[in-house]
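Could you put the whole structure together from the sequences, leaning on the hints where they help?
Number of protein chains: 2
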Amino acid sequence: MSNPSAAMLVIGDEILSGRTRDANMHFLAQEFTKHGIDLKEVRVVSDDKAAIIAAVNGLRGAYDVVVTSGGIGPTHDDITADCIAEAFGTGIDVQDEARARLQAHYDRQGTELNAARLRMARIPFGATLIDNPVSIAPGFSIENVHVMAGVPAVFQAMVASLLPNLTGGSPLLSQSLRIYRGEGDIAGPLAELAAQYADLSFGSYPFQKDGVYGANVVIRGADGAQVDHAMAALATLFPDT
Amino acid sequence: MSNPSAAMLVIGDEILSGRTRDANMHFLAQEFTKHGIDLKEVRVVSDDKAAIIAAVNGLRGAYDVVVTSGGIGPTHDDITADCIAEAFGTGIDVQDEARARLQAHYDRQGTELNAARLRMARIPFGATLIDNPVSIAPGFSIENVHVMAGVPAVFQAMVASLLPNLTGGSPLLSQSLRIYRGEGDIAGPLAELAAQYADLSFGSYPFQKDGVYGANVVIRGADGAQVDHAMAALATLFPDT
Chain A
463 MSNPSAAMLV
473 IGDEILSGRT
483 RDANMHFLAQ
493 EFTKHGIDLK
503 EVRVVSDDKA
513 AIIAAVNGLR
523 GAYDVVVTSG
533 GIGPTHDDIT
543 ADCIAEAFGT
553 GIDVQDEARA
563 RLQAHYDRQG
573 TELNAARLRM
583 ARIPFGATLI
593 DNPVSIAPGF
603 SIENVHVMAG
613 VPAVFQAMVA
623 SLLPNLTGGS
633 PLLSQSLRIY
643 RGEGDIAGPL
653 AELAAQYADL
663 SFGSYPFQKD
673 GVYGANVVIR
683 GADGAQVDHA
693 MAALATLFPD
703 T
Chain B
463 MSNPSAAMLV
473 IGDEILSGRT
483 RDANMHFLAQ
493 EFTKHGIDLK
503 EVRVVSDDKA
513 AIIAAVNGLR
523 GAYDVVVTSG
533 GIGPTHDDIT
543 ADCIAEAFGT
553 GIDVQDEARA
563 RLQAHYDRQG
573 TELNAARLRM
583 ARIPFGATLI
593 DNPVSIAPGF
603 SIENVHVMAG
613 VPAVFQAMVA
623 SLLPNLTGGS
633 PLLSQSLRIY
643 RGEGDIAGPL
653 AELAAQYADL
663 SFGSYPFQKD
673 GVYGANVVIR
683 GADGAQVDHA
693 MAALATLFPD
703 T
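Protein sequence lines correspond, in order, to chains A and B. 463 is the number of the first residue of the first sequence in the numbering used here; add one for each residue after it. 463 is the number of the first residue of the second sequence in the numbering used here; add one for each residue after it.
Simulated from the structure, these hints should not be mistaken for lab results. Errors might be hidden in some of the hints.
Pairs count within a copy or across copies, as identical chains cannot be separated in the list.
Said to hold, decoys possible - Calculated pairs, DMTMM-like style, for lysine to aspartate or glutamate (alpha carbon to alpha carbon, straight line, at most 20 Å):
1) Lys511 <-> Asp702
2) Lys511 <-> Glu548
3) Lys496 <-> Asp690
4) Lys511 <-> Asp500
5) Lys511 <-> Glu574
In structure tokens, the structure reads:
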């Protein structure tokens, strides 16, 4: 049985303008790999309604799981929740449970739950909340789409809240060998080895540093014994590394 | 006149498995912003032929400029060039100029230009080469699609080779103000200001560090005087920051 497939949608002008370097994609990729969910595609789009809706609808039909990050704060450029509602053809309004969480949080802080903050309690109809232990304002899940914040600490906390609710598969296992030969010398023997192990994937990632060059060859698969076996065969092919 | 629009396609299992953290997207975003090209979308797909072809064809029709990174090395998992040829419905073969560059390079090194290395001279028909001063094997441009390596040092060198050939627009200017107030307090006044300056974009990026919280508000636009004016108005709204 193959693992569930997943896609991620990163929403935010700040990533595309180069102002901010996205950190959430790398984090999610690692978490999903550990959990046995295959991240197959990532898209980054700007804070543009049509772009967000088109991406959400394209991805949720193509993959088992879709995660979004960004655009669920209190400011005018935070339009993700509204776009998700529109993508699903449903309504959106302040949700009682989300409002109660925010009210309790801001009461403790002695801060007013004003109109801007209350926007963070607007949840599409039919969605369930994703806990946010960091800054309280929740994410939400609607069908197979899970909508989370862009601030890395909050995103990571929401992923931790979400993961136990997602069905995982076999974690992808990997081993790597650092080979101090040019990729052009590695390529031929590696292709032959890859042909012998059709269930495994073989990747070659070249490096070049301080005049030394070579490649990290990574063998990945769900069957640990098979990965071991292929790695032993690889080491035999390049005994001097 | 609006700036040219662009998309980027990052190709590589190693990004999606979390093994490698992509660095090229952030670099390209910054370079394009300086050059007046609006990066509107990024996609990351795995080393999968159908996924690459679908993404290339989706993006090249939708944007003025498309840049790809990854998958043009000598190993069996480097399938980008073949996928680009197929996406354009054209053929691919070893190209004389690309072969000559590689031959000269490996002759200097005393290394054999074997079958694997020669794969890097396979260029789709009709494409022009993108210089690679770092490791010689060239990228290529075909119509509005520019195909480059994934290794960051090589990608960056290729971007430098490509940029003078791309028509830029007005560089996007930005100014930011760090406001030590909750985003919920910033949101209302910021939305009113944004409504007054329809040609500018206003972003709010919250931070929370060591118990201090607030947001960086960024005002972006092509007209420097207008950005200055709006920033002065913003500073008046939040005089205590």
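Evaluation of the provided hints:
{"no.": "1", "hint": "Lys511 <-> Asp702", "in the structure": "neither (55 Å within a copy, 34 Å between copies)"}
{"no.": "2", "hint": "Lys511 <-> Glu548", "in the structure": "within (9 Å within a copy, 32 Å between copies)"}
{"no.": "3", "hint": "Lys496 <-> Asp690", "in the structure": "within (18 Å within a copy, 48 Å between copies)"}
{"no.": "4", "hint": "Lys511 <-> Asp500", "in the structure": "between (27 Å within a copy, 17 Å between copies)"}
{"no.": "5", "hint": "Lys511 <-> Glu574", "in the structure": "neither (29 Å within a copy, 53 Å between copies)"}
Consistency with the previously given hints fails for numbers 1, 5, ordered from lowest to highest.
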